[in-house]
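Asker: Sequence:
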Amino acid sequence: MNPRSLVPKKVFFTSGIGIAGDPLLSFEYALRDAKIEKFNLVPVSSIAPPNVKIIDIDKGLKYLKAGQIVFCVLARFTSNEEGKEIFSSVGVALPKDKKYNGYFTEYHGYYTGKEEGYAKNMAKNMLKSMYNIEIDKEFEIFRKATVKDYTTVVSAVVFIL
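The number in the numbering used here is simply the position in the sequence shown, starting from 1, with 144 added.
Please note that the accuracy of each hint is not assured.
Unchecked claim - Subject to a maximum C-alpha distance of 20 Å in a straight line, what follows is the list of computed PhoX-like cross-link-like pairs (lysine-lysine):
| id | residue 1 | residue 2 |
| --- | --- | --- |
| 1 | K179 | K154 |
| 2 | K154 | K242 |
| 3 | K268 | K281 |
| 4 | K281 | K154 |
| 5 | K179 | K206 |
| 6 | K154 | K206 |
What the hints assert, rightly or not - Cβ pair distances, simulated, as ranges:
| id | residue 1 | residue 2 | range |
| --- | --- | --- | --- |
| 7 | G227 | I277 | 38 to 48 Å |
| 8 | D166 | K243 | 21 to 31 Å |
| 9 | K206 | S149 | 25 to 35 Å |
| 10 | F283 | P194 | 16 to 26 Å |
| 11 | G257 | V151 | 12 to 22 Å |
| 12 | K243 | A210 | 27 to 37 Å |
| 13 | M274 | P187 | 19 to 29 Å |
| 14 | K240 | G261 | 32 to 42 Å |
I should point out that these hints are in silico values taken from the structure, not numbers from a laboratory.
None of the values given here were measured: they were computed from a predicted structure.
Where a beta carbon is used, it is the ideal one built from N, C-alpha and C, also for glycine.
Make a model of the complete structure from these sequences and hints.
Answerer: What follows is the structure, encoded as structure tokens:
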């Protein structure tokens, strides 16, 4: 296999919430809510390839088949502490100069009101500290939920090879 074939050309962002009487089932429901339950997800670290294109989820799902091994940057958090708020997020920072890579960052935990924007800011900091170049795109997908039974939140950037 040509190693270049494992470099994602496109990515999409998604998130979901699952609630159930069991932690594994709540995770499954969160993946269903995020529309990525049919894939064998392989978490990877934080590099956005040069020239990667961000597409919407509906378009991205058309490239994938049930049972396929799919690489993603995944933030996941599960709790059964009734009434607490939990969150997951994935941030992105992409450079203006497309010959450079960008960064994805994942962040998750108990919500205190200070977490929104953190994953995006970390991605920006990683890009700036690595190359000190102009940023073209920056944002994050953020999801929070109030815990009932077992609650799971997921946020992901899914890679299309």
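Asker: For every hint, state whether the structure bears it out.
Answerer: The hints, checked one at a time:
1. For the hint pairing K179 with K154, the CA-to-CA distance comes to about 17 Å; that is within 20 Å, so the pair holds.
2. Taking the CA atoms of K154 and K242, the gap is about 14 Å. The hint holds against a cut of 20 Å.
3. A C-alpha spacing of about 9 Å is found between K268 and K281, which places the hinted pair at or below 20 Å, so the restraint holds.
4. Simply put, K281 and K154 have alpha-carbon atoms about 15 Å apart, close enough for the 20 Å limit, and the pair holds.
5. Between K179 and K206 the CA atoms are separated by roughly 12 Å; this keeps the pair inside 20 Å, and the hint holds.
6. Among the hinted pairs, K154 with K206 is consistent with the structure: their alpha-carbon atoms are about 12 Å apart, no more than 20 Å.
7. Between G227 and I277 the beta carbons are some 44 Å apart, a value that agrees with the proposed interval 38 to 48 Å.
8. Between D166 and K243 the C-beta distance comes to about 47 Å, which lies outside the given range of 21 to 31 Å.
9. As the Cβ distance of K206 to S149 is approximately 19 Å, the hint placing it in 25 to 35 Å is violated.
10. The supplied range of 16 to 26 Å is met by F283 and P194, whose beta-carbon atoms lie about 19 Å from each other.
11. For G257 paired with V151, a C-beta distance near 38 Å fails the hint of 12 to 22 Å.
12. In this structure, K243 and A210 meet the distance hint of 27 to 37 Å, their C-beta atoms being roughly 36 Å apart.
13. For the pair M274 and P187, the beta carbons lie near 21 Å from each other, so the given range of 19 to 29 Å is met.
14. In this structure, K240 and G261 break the distance hint of 32 to 42 Å, their C-beta atoms being roughly 21 Å apart.
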